[in-house]
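Model the placement of chains B, C and D on the given structure of chain A, informed by the hints.
One letter stands for each residue in the lines below.
Protein chains: 4
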Amino acid sequence: MHRIQGIALVVGTFAALSAQAQSWSPPPADKRCPSKWGATDERGAANYMNPANVLRASKLIKTGGVIELGHVLSSSMPFFGARRFEIHTKRTSPTLGTNKRMGNEEVVMTELGQVGTQFDMFAHQGIDGELYNCIKSDDIATRNGFTKLGIENIGMLFTRGVLIDVAAAKGVDMLPSGYEITVADLQQALERQGLRLERGDAVLIHSGWGKLWGVDNARYNSNTPGIGAPAGEWLAAREAMLFGADTFAVEVAPNPDKSLSLPVHQIALVINGIFLLENMKLDELAAKKVYEFAFAVQPLKIKGGTGSTVAPVAMY
Amino acid sequence: MHRIQGIALVVGTFAALSAQAQSWSPPPADKRCPSKWGATDERGAANYMNPANVLRASKLIKTGGVIELGHVLSSSMPFFGARRFEIHTKRTSPTLGTNKRMGNEEVVMTELGQVGTQFDMFAHQGIDGELYNCIKSDDIATRNGFTKLGIENIGMLFTRGVLIDVAAAKGVDMLPSGYEITVADLQQALERQGLRLERGDAVLIHSGWGKLWGVDNARYNSNTPGIGAPAGEWLAAREAMLFGADTFAVEVAPNPDKSLSLPVHQIALVINGIFLLENMKLDELAAKKVYEFAFAVQPLKIKGGTGSTVAPVAMY
Amino acid sequence: MHRIQGIALVVGTFAALSAQAQSWSPPPADKRCPSKWGATDERGAANYMNPANVLRASKLIKTGGVIELGHVLSSSMPFFGARRFEIHTKRTSPTLGTNKRMGNEEVVMTELGQVGTQFDMFAHQGIDGELYNCIKSDDIATRNGFTKLGIENIGMLFTRGVLIDVAAAKGVDMLPSGYEITVADLQQALERQGLRLERGDAVLIHSGWGKLWGVDNARYNSNTPGIGAPAGEWLAAREAMLFGADTFAVEVAPNPDKSLSLPVHQIALVINGIFLLENMKLDELAAKKVYEFAFAVQPLKIKGGTGSTVAPVAMY
Amino acid sequence: MHRIQGIALVVGTFAALSAQAQSWSPPPADKRCPSKWGATDERGAANYMNPANVLRASKLIKTGGVIELGHVLSSSMPFFGARRFEIHTKRTSPTLGTNKRMGNEEVVMTELGQVGTQFDMFAHQGIDGELYNCIKSDDIATRNGFTKLGIENIGMLFTRGVLIDVAAAKGVDMLPSGYEITVADLQQALERQGLRLERGDAVLIHSGWGKLWGVDNARYNSNTPGIGAPAGEWLAAREAMLFGADTFAVEVAPNPDKSLSLPVHQIALVINGIFLLENMKLDELAAKKVYEFAFAVQPLKIKGGTGSTVAPVAMY
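Chains as they are written, first to last, in our numbering: chain A, 1 to 316; chain B, 1001 to 1316; chain C, 2001 to 2316; chain D, 3001 to 3316.
Same shape as in the complex, but just chain A:
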């Protein structure tokens, strides 16, 4: 707690905090569709998954170390809006057989794709009624899932992961509330780490905000630091496979430009076919300075789902 409060002292470092208010607007449909993978594509940046990419990632496993990047799922997590995660134990039946077998299970009720450490799929976000590849949401929505752009199309992503430790580059434990990470911030942090991005990378951004997870859930879900639209567009131009962060939105939220609502969600999911990975647990990775690694995530294959709770890892 002491460290969290201490952050107020270093806000001075971030003098430009609100100076760079954006004026971003989504490109018109004919500038964003068809996607670079064609008009019928539903996999977006998952197309970067190919044998060469898998081999590239596997060669980064050098010590056999594994670091978990997913939080435990429970009803005490921070939840956005009215979302819930409820588990109801179904206790054992009377024992069965001469071997006296007994069994337990549970029923779970949750916005499965949108709680905890989570992977956002294309059905999740749109621009004025249109999703990735300009598919109309109304055309593919049913009461029980989406007929296109569902998370079942993705499967495991295994690729080079890069941690960009912006908090460390700024010399703080945690970026301040509402701080918008700029292109320069990303560049400086990468330079400090001696790394550059490659096509198909899983780009994970460490803000330190994850320290609030389970400690101050209300604050965790408000005024989160994160990348803004310019940084999102810069990362998209680097051809990342996904953007992840230790925050609920990956991007700065609310956006310093009050007229914008989560523009990086549109830049990633709708315009560039890049996935978002929210609420990651990045503290151990940052503490161990593991900046380059094999990254693996297995979204559940929920038919027609807008995302999936996940338990990703770094192997190095």
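None of these hints come from the bench; they were simulated from the model. In this text the structure is predicted, and so the values were computed from the model without any measurement. Using N, Cα and C, we set each Cβ at its ideal position, and we do this for glycine too. Treat the hints loosely; a few may be bogus.
[As the list claims (entries may be wrong)] Derived CB-CB ranges, DEER-like:
| no. | chain 1 | residue 1 | chain 2 | residue 2 | range |
| --- | --- | --- | --- | --- | --- |
| 1 | B | 1289 | A | 39 | 34 to 40 Å |
| 2 | D | 3052 | C | 2055 | 18 to 24 Å |
| 3 | C | 2095 | A | 62 | 53 to 59 Å |
| 4 | C | 2216 | A | 142 | 25 to 31 Å |
| 5 | D | 3259 | C | 2198 | 42 to 48 Å |
| 6 | C | 2239 | B | 1098 | 57 to 63 Å |
| 7 | C | 2052 | A | 139 | 49 to 55 Å |
| 8 | C | 2216 | D | 3259 | 51 to 57 Å |
[Unchecked claim] In silico EDC-like cross-links for lysine to aspartate or glutamate, where the CA-CA straight-line distance does not exceed 16 Å:
| no. | chain 1 | residue 1 | chain 2 | residue 2 |
| --- | --- | --- | --- | --- |
| 9 | C | 2100 | D | 3130 |
| 10 | B | 1100 | A | 128 |
| 11 | D | 3211 | D | 3173 |
[Claimed, not checked] Computed footprint of chain D on chain C; a stretch qualifies when at least three of its residues, placed anywhere within it, have a C-beta under 8 Å from a C-beta of chain D:
| no. | stretch |
| --- | --- |
| 12 | 2083 to 2090 |
| 13 | 2104 to 2113 |
| 14 | 2151 to 2164 |
| 15 | 2296 to 2303 |
For chains B, C and D alone, coordinates are given in the frame of chain A:
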């Protein structure tokens, strides 16, 4: 469908079908507890996960090929008993911001650990009130999960995977209903494939039964072929990390010995701390004859959960 | 079962079965709005509930007899579409106190307003985006209920109930599949019973179709007999408070005019502010020839709900 | 709010607050079983429902006035423990037919029998493993409901209702936290109102605690005033059909005798077959001084359920 019906013709190959009825009973508590990893252990065979094991697995990624081993999750899957998987789409709000962002999500209601391709954890099964390491189910059960032995203790398992193609060794597309796979069957199939098991392997058994998935769900969930108690004990003695199969129970069910109720569940989960991976999709792996590979599975970190729906893969 | 099969023999009675195909279309907005209770009304025919009406009903309780009109709610009911009713028992905690108290409860997952014997509220149905009183569905829909026209506005309805036994008037146990009940049918049945409708009545129509409930659920939910648009309009002109029946739709479904989708739902809920009560259990009422009675129904006060499962009764 | 704070001033009236700590223990099985309605009875005090009782109640409807006694159900209600009430709107499909019909519905996830204004059934509570009529909970519990003592056995209760306004008799708006209502309190309040109890009454106790509902939910669910074991036994001896109150437990909770856990639940449900009706809305009834009325409640017929959310009324 033609191939499925053709199976009746080859049942003669399995003349010993019911001859080997078992008379197995679980060992007393003092023979099975404490576990080989100590009295307080909650991870069982996940203890085989260590840097050496990770490196062993990573070296099996040679071509960069990835094969998915998980089925799509939907309400039309075969379900055991009264289990369900229901997804209810929560459609977009009015658009937000000048960027006209819209969002979709869904609420899911399901026995999350016990539907679809699923990973069984120790809280799931017991012997007369006792779970792994002789922990009493009543002592750790709450209405909202288990205080010990929950799936959140596991994290990703990344290890050498071995497919034992028993169907191929028998020369059939699909083992017949209720066929009990014997130790000899496993040995012959391994010999045919030129492989031997090692400590910490993920052992996946191809029965061909998965052809029924989504085609004849009622039959899929009845009279499944699978390993019996002797084969389960033989594999446990090989120190496997997990047993998987393309069936709902991994083991033969119901057991040919009518007095027994799913004894391999007890042998694996309760006595030996080995995980079960049910309802796998193994057809592509078998068709491509990929018998040895890096196996990766990421169970969700459900606090106090008895298992997790998963989307595992083979990388080779 | 014998009686059900016997119905085929009497279909000849219904020779005009498909002759009266309709050509109905909803009135334009300016002909249906504002409602007769004003532009801001959300209670529709529940406005007939007033002290005089309550006294009128209470005077019909002459013998003290009570007949239940609701089916038992269970997972084996007929369900329309993908609806479900799932109950998951949450078993006792360890006993508490020196008095060793123990408790059980259950979690229920269901389309609570739209399963079993159910009461339809105005948020449930519309005409091209508009609900009762021309309120736009999009204007009042949230992800967690409707801000207007929710079932919490209604409370108990206690009024004169009238059973119109059309099956008896036709001399059959059960009306045939797809039979459209006409105005003449209603008039003849009322005349036979020596009754006439009054303003504010709960009008319950006995078709005999309820014999299929729990016996042949698939048939129950298909080709149901019921009133058509002309009979619906005739009843609306009688100023009924609600229309009920022993079928899933109250009205004939599918409509003999294949171009129409459940027009009586629009006539009742959207145009006239009259409630629908579906899947009633009317066999006992019909068998006892209780045609006039005090009718009571207590819809749950679900904030923003489109309806409520109910357990109504007749008292006579 | 002013009135709520004012209550502190009148606590002096309740000087005996903690003096009457109880030492109650449940009677042994042979003193409480079989119930007065026989060993196989599952309806308990619902057996008081008979034609004479219905007529008795109907004669109390004199003015046609109706007062609702149920709160609105929403996710912002006070919830006990981890219970929830979640409603997820399922928005309209594309319009259907030339009549452009559209429909909305919702899925609800809740402990349906144990949230909001609720009716407790016998499967809900026990004494050391035994429920009403000494039926063992383990013998009738399944994962999907109870095979006996479920709420589907009850149906509507329509009987004389009596409001005992203890708060008014004490001259306060709201009884103080943790106040145990005594037999003398009930007698004095009844005498003040000029009423006496009769067999089969629905006895509703007004404490004023309901003022906290939705205003201070945390306080509402803690240290609630209510009847203690002696008052519960006195009411049971009067042969009430049900006990209701404007509190979450009907009884004082926690009990002043710290060794006891909700003894009135056992006195009512387990020993005497009397129902409990919790979280009632009694303010209007008290304000209008309607002390005797026809009481009607329609618990949902949930197969094997431990209770039901309800929307009861008083008619007078």
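Here is how each hint holds up against the structure:
1. B:1289 - A:39: 34 to 40 Å: 36 Å, holds
2. D:3052 - C:2055: 18 to 24 Å: 21 Å, holds
3. C:2095 - A:62: 53 to 59 Å: 56 Å, holds
4. C:2216 - A:142: 25 to 31 Å: 28 Å, holds
5. D:3259 - C:2198: 42 to 48 Å: Given range 42 to 48 Å: violated, Cβ gap about 60 Å.
6. C:2239 - B:1098: 57 to 63 Å: 50 Å, violated
7. C:2052 - A:139: 49 to 55 Å: 52 Å, holds
8. C:2216 - D:3259: 51 to 57 Å: The hinted range 51 to 57 Å holds for residue 2216 (chain C) and residue 3259 (chain D), with Cβ atoms some 56 Å apart.
9. C:2100 - D:3130: Status holds; Cα separation ~10 Å.
10. B:1100 - A:128: Since the Cα atoms of residue 1100 (chain B) and residue 128 (chain A) sit roughly 5 Å apart, the hinted pair holds (cutoff 16 Å).
11. D:3211 - D:3173: 9 Å, holds
12. 2083 to 2090: holds (count 6)
13. 2104 to 2113: That given contact holds, which follows from 10 residues of the stretch 2104 to 2113 of chain C lying within Cβ reach (below 8 Å) of chain D.
14. 2151 to 2164: With 4 residues in contact (Cβ-Cβ under 8 Å with chain D), the coverage given for the stretch 2151 to 2164 of chain C holds.
15. 2296 to 2303: Since three or more residues must qualify, the claim that chain D covers the stretch 2296 to 2303 of chain C holds, with 8 doing so at under 8 Å.
In this structure, the hints that do not hold are numbers 5 and 6, in rising order.
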